[in-house]
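Colleague: The chain contents come next:
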Amino acid sequence: MDIETIINFSLLTLLALTVIVLIRMKSLLAIALSSGVYSFLSAGLFVAMDAVDVAFTEAAVGAGITTILLLGTIAITGREQTVSKHKRFLPIAVITITGAALIYGTLDMPLYGDANAPIHTHVAPHYLTQSSEEIGIPNVVTSVLASYRGYDTLGEVAVIFTAAVGVLLLLGKTAKRGVRKQ
Amino acid sequence: MNLRSSLILREVCRLVIPAVMLFALYVQFHGEYGPGGGFQAGVIFAAAVILYALVYGRQKAQRILPTETVRYFIAAGVLLYTGVGVATMLLGGNFLDYDVLLQGHQQAQHLGIFLIELGVGITVGTVMIAIFYTLDEFCE
Chain A
1 MDIETIINFS LLTLLALTVI VLIRMKSLLA IALSSGVYSF LSAGLFVAMD AVDVAFTEAA
61 VGAGITTILL LGTIAITGRE QTVSKHKRFL PIAVITITGA ALIYGTLDMP LYGDANAPIH
121 THVAPHYLTQ SSEEIGIPNV VTSVLASYRG YDTLGEVAVI FTAAVGVLLL LGKTAKRGVR
181 KQ
Chain B
183 MNLRSSLILR EVCRLVIPAV MLFALYVQFH GEYGPGGGFQ AGVIFAAAVI LYALVYGRQK
243 AQRILPTETV RYFIAAGVLL YTGVGVATML LGGNFLDYDV LLQGHQQAQH LGIFLIELGV
303 GITVGTVMIA IFYTLDEFCE
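Protein chains in written order, with our numbering: chain A, 1 to 182; chain B, 183 to 322.
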């Protein structure tokens, strides 16, 4: 086994352990913090896959900001999970069937690291070989994100904008006082 | 949500927060050469402001960066992004086709990417700050 396989396996094992701990915990505070741990481990996996831009985002957004926002939400709603008295049979059946269907769906997918996978043969070679000439910047991720797929990124920014509008509409106090005084 | 009592925390944050903000600017303007870009830079900048608000109190953070200012900047980032798109259309190109912005092809791409990444950074950063302010205000 080479070093990369060992790193991947240990990170994945830690991820699985984190999930089991997450499921068993009742304190929402601890759950929020553990989900930060989960995100940080995912960021490590992305680094191992050479996807440093994604890893960066996962560490900053998933482990950083999301944890803070979850803690803020817990401060509003309460620290303990309410234990439901419902029968557990139906949820377990739904989860098992959905999980089995998802795993069945992945059977068609190309193997991890397969060079002939469609994702590596469609537009990716063009981006990797031509983008330094067409766009002129070394980071291909930025070229794709901001130039080739600039319209998609605009959509993402609009999603974040909408999220903020939603939060402000639901929880925000109107800024009447500040505006009227001026 | 405040941790104002700890002297060590306050003094450490006094050292760390400027460095985090500088790093956010580095990630923002160096995104074309290294990992990162507007999304990451915005989040890192917001993290610095949120850390300041957690340690010194939200009211103190809001004296520097008031809620209204933050709200204006949320829209300003999206406007800058779409503005670049509209500008390219007015100059005769397609929506977000940066080539018409400047004479040189690569220079035009650079300018376009710089502007839209700036728009992304402004919106993402201020959205995170606004959501944090809102949650913290709601707690009171």
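A few of these clues could be false.
To be verified - Part of the chain A face toward chain B, derived, beta carbon under 7 angstroms:
1) 48
2) 52
3) 63
4) 72
5) 81
6) 83
7) 136
8) 137
9) 151
10) 160
11) 161
12) 164
Worth flagging that the hints you see were computed from the coordinates, not collected in a lab. The structure displayed is predicted, hence computed values, not measured ones. We put the beta carbon where it would ideally sit given N, CA and C, even for glycine.
Colleague: If a hint holds in the structure, say so; if it doesn't, say that too.
Modeller: Results of checking the hints against the structure:
1. 48: Constraint on residue 48 of chain A not satisfied, violated at 14 angstroms.
2. 52: Interface hint status for residue 52 of chain A: holds (4 angstroms vs cutoff 7 angstroms).
3. 63: 11 angstroms, violated
4. 72: Holds, because the Cβ-Cβ distance from residue 72 of chain A to chain B comes to roughly 4 angstroms (cut-off 7 angstroms).
5. 81: For residue 81 of chain A, the interface hint is violated, since the closest Cβ of chain B sits about 19 angstroms away, which is over 7 angstroms.
6. 83: 25 angstroms, violated
7. 136: Holds: closest Cβ of chain B sits about 3 angstroms from residue 136 of chain A, inside 7 angstroms.
8. 137: Result: holds, 4 angstroms to nearest chain B Cβ.
9. 151: Holds. Min distance 6 angstroms.
10. 160: 5 angstroms, holds
11. 161: For residue 161 of chain A, the interface hint holds, since the closest Cβ of chain B sits about 5 angstroms away, which is under 7 angstroms.
12. 164: 4 angstroms, holds
When each numbered hint is compared with the structure, violations occur for hints 1, 3, 5 and 6.
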